[in-house]
Amino acid sequence: MTIRISVKVNGTEYARDVEPRLLLIHFIRDELGLTGSHWGCDTSNCGSCVVWLDGKPVKSCTLLAAMADGRAVRTVEGLERDGRLDPVQQGFIECHGLQCGFCTPGMMMTARWLLDQHPDADEARIREAISGQICRCTGYENIVRAIRWAAEHP
Amino acid sequence: MQVPSQVEYERATSVEHALSLLGRPETRALAGGHSLIPMMKLRLAQPELLVDINGLAELAFIAKDGDQLRIGALARHADLLESTIAAEHFPIFRDAERVVADPIVRLWGTVGGSLCQADPSEDLSAAFAAARATAVIKTSDGERTVPVREFHLGPYETVIGRGELLAEIRVPVRTGTGSAYEKVSRRVGDWSVAAAGAVLELRNSNTIQEAGIGLTAVGAEHFVAAEAEDYLRGREASPGNFKQAAEIAAAHCHPAADQRGPEDFKRHLVAELTLRALARAAERAFQ
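The listed protein sequences derive, respectively, from chains H and P.
For the first sequence, this note's numbering assigns the number 1 to the initial residue and increments by one for each residue that follows.
For the second sequence, this note's numbering assigns the number 1 to the initial residue and increments by one for each residue that follows.
It should be emphasised that the hints constitute simulated quantities derived from the structure, not laboratory data.
Just so it is clear, CB atoms sit at the ideal spot from N, CA and C, and this is done for glycine as well.
Possibly wrong hints are sitting among the right ones.
Unchecked claim - Below, in silico cross-link-like pairs of lysine to any residue (SDA-like), each with a Cα-Cα straight-line distance of 20 Å or less: (1) Lys8(H) to Gly55(P); (2) Lys56(H) to Leu81(P); (3) Lys41(P) to Asn45(H); (4) Lys56(H) to Asn54(P); (5) Lys56(H) to Lys243(P); (6) Lys243(P) to Glu210(P); (7) Lys56(H) to Ala72(H); (8) Lys41(P) to Cys41(H); (9) Lys64(P) to Glu88(P); (10) Lys56(H) to Asp79(P); (11) Lys56(H) to Lys41(P); (12) Lys8(H) to Asn54(P); (13) Lys41(P) to Ser131(H); (14) Lys56(H) to Met1(H); (15) Lys41(P) to Met1(H); (16) Lys56(H) to Ala60(P); (17) Lys56(H) to Arg98(P); (18) Lys56(H) to Thr2(H); (19) Lys56(H) to Lys64(P); (20) Lys8(H) to Arg11(P); (21) Lys41(P) to Lys8(H); (22) Lys56(H) to Arg125(H); (23) Lys56(H) to Glu88(P); (24) Lys56(H) to Ser131(H); (25) Lys41(P) to Asp30(H); (26) Lys41(P) to Val18(H).
As the list claims (entries may be wrong) - One side of the interface only, derived from the structure: several residues of chain H facing chain P at Cβ under 10 Å: (27) Met1; (28) Leu22; (29) Thr35; (30) Gly47; (31) Val50; (32) Lys56.
From just these sequences and the hints, can you work out the full model?
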């Protein structure tokens, strides 16, 4: 059994027939082919699947695609604007904010949201914001630096 | 790959619509989904129909109404964490929300969903029990109210029946009250090893009119330390009495040894965290 859902992803409307049990992360990756968002722990612990739903970050492995019907999703592919990288993306380049890159899309989506709320977020606020996300490479130092870089280069 | 089993999905357009859908067998209300969907992935829950209530804006509020703080079941954890009205009267909720999961989960997970999940390690149940809150449940006939202390029948089990929906939680606001919540977890965002919440209502500045003590993750019946509350009622708000009450709370709960620690360690935490919560609650009541 499938249901028809319509989701606006990075500004483009997509209509698909999906099983109600389909998770949002699989909808984004497998149905739409937007593989920037990563499917990690599957238990809402690691945060590599973070995307925005109606303007707020969510762990998309723990939502059904059906719950996004009629809503707007923003993924890491939607960070870049008119060929220009978002300051958060640039910050990850400047500060070497990634090694393997698996956690990076989720980190960047949370960082963008944090800086929209608190443009001058300090280190403590940054660490709190990403506390629901796991990086196994960087020890978080360079991720925090990258987000600070973005705050300083809006 | 973890995928829920086949399920039907309906989106509720009103509370009445939700109630009629929830009347079907093997049906679950779906709010934040941050407990239910993981349970479905593990086949610990296998509903046949999910009723998505996220669109019911009338259940997403936090407001003071006379001598009650009213919290809609669909208020998100982040809403309660950031609510100045709630923090003004019950800082215990801000204390507890700060340590519920992580900031991303708190944006989507709901207060009502946490209570209905009835996980023994869930923080808000103890906080609401300490505050002697009341659950308002919508039914096909109207509504019924149940004290939060009678809301949970056991782990993962509540009084909510078929065709019913938790609509809001009401907390009585009284002057001279202070409250606090103290938790120990293994790492940020994890479940409690143990936690304690305290709500103290003081009279004539230093006599305890009423005490509420909630305990998380340590097998306390209805999430409360009733014997410790009985001990404090009518006594002076003093460090000695708090210490005695904390020891009583530790002696009367039933923690189980697990990967988060052995029983004696958890009892030690209950005593220490109860003591700290009482002291901080009293300090706030004096302010």
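Hints, one by one, checked against the model:
Proposed proximity of Lys8(H) and Gly55(P) is supported: the alpha carbons are some 17 Å apart, at most 20 Å. Under the criterion of a C-alpha separation no larger than 20 Å, the hint pairing Lys56(H) with Leu81(P) is consistent with the structure, at around 16 Å. Taking the CA atoms of Lys41(P) and Asn45(H), the gap is near 14 Å; set against the 20 Å cutoff, the hint holds. At most 20 Å may separate the alpha-carbon atoms for a hinted pair to count; Lys56(H) and Asn54(P) meet this at roughly 14 Å.
Note on Lys56(H) and Lys243(P): the hinted pairing is violated, with a Cα-Cα distance of about 43 Å set against a maximum of 20 Å. With a C-alpha separation of about 17 Å, the suggested pairing of Lys243(P) with Glu210(P) holds against the 20 Å cut-off. Between the alpha carbons of Lys56(H) and Ala72(H) the distance comes to roughly 10 Å, so the proposed pair stays at or under 20 Å and holds. Of the pairs offered as hints, the one joining Lys41(P) and Cys41(H) holds, with about 12 Å between alpha carbons and a cut-off of 20 Å not exceeded.
Pair hint Lys64(P) plus Glu88(P) holds up; C-alpha atoms about 11 Å apart against a cutoff of 20 Å. Restraint check for Lys56(H) and Asp79(P): the C-alpha separation of about 13 Å stays at or below 20 Å, so the hint holds. A threshold of 20 Å between alpha carbons decides the hint, and for Lys56(H) with Lys41(P) the separation of about 24 Å lies outside it, so the pair is violated. Taking the CA atoms of Lys8(H) and Asn54(P), the gap is about 18 Å. The hint holds against a cut of 20 Å.
Of the pairs offered as hints, the one joining Lys41(P) and Ser131(H) is violated, with about 24 Å between alpha carbons and a cut-off of 20 Å exceeded. Using a Cα cut-off of 20 Å, the hinted pair Lys56(H) and Met1(H) is violated, with the two alpha carbons roughly 30 Å apart. Between Lys41(P) and Met1(H) the CA atoms are separated by roughly 18 Å; this keeps the pair inside 20 Å, and the hint holds. Annotation: proposed proximity of Lys56(H) to Ala60(P) holds, straight-line Cα distance about 16 Å (limit 20 Å).
Restraint check: the Cα-Cα separation between Lys56(H) and Arg98(P) comes to about 18 Å, which is no more than 20 Å; the hinted pair holds. As the CA atoms of Lys56(H) and Thr2(H) are separated by approximately 27 Å, the hinted pair breaks the 20 Å bound. For a cut-off of 20 Å, the pair hint linking Lys56(H) to Lys64(P) is broken: about 26 Å separates their Cα positions. About 18 Å separates the Cα atoms of Lys8(H) and Arg11(P), which keeps this hinted pair within 20 Å; it holds.
Restraint check for Lys41(P) and Lys8(H): the C-alpha separation of about 26 Å exceeds 20 Å, so the hint is violated. At most 20 Å may separate the alpha-carbon atoms for a hinted pair to count; Lys56(H) and Arg125(H) meet this at roughly 17 Å. In summary, the hint linking Lys56(H) to Glu88(P) is not supported, as the alpha carbons are separated by about 26 Å, beyond the 20 Å threshold. At most 20 Å may separate the alpha-carbon atoms for a hinted pair to count; Lys56(H) and Ser131(H) meet this at roughly 16 Å.
Restraint check for Lys41(P) and Asp30(H): satisfied, since their Cα atoms lie roughly 19 Å apart, inside the 20 Å limit. A distance of roughly 17 Å separates the Cα atoms of Lys41(P) and Val18(H); the hinted pair therefore holds under the 20 Å criterion. With a cut of 10 Å, the hint placing Met1(H) at the interface with chain P holds, because the nearest CB-to-CB distance is about 7 Å. With 10 Å as the threshold, the beta carbon of Leu22(H) comes within range of chain P, its nearest partner Cβ sitting at about 8 Å, so the hint holds.
With a cut of 10 Å, the hint placing Thr35(H) at the interface with chain P is violated, because the nearest CB-to-CB distance is about 15 Å. Contact between Gly47(H) and chain P, as hinted, is supported at the beta carbon level, the nearest pair being about 6 Å apart and thus within 10 Å. Given the 10 Å rule on beta carbons, the hint for Val50(H) holds: about 6 Å separates it from the nearest Cβ of chain P. The restraint placing Lys56(H) at the interface with chain P holds, with a minimum CB-CB distance near 5 Å, inside the 10 Å limit.
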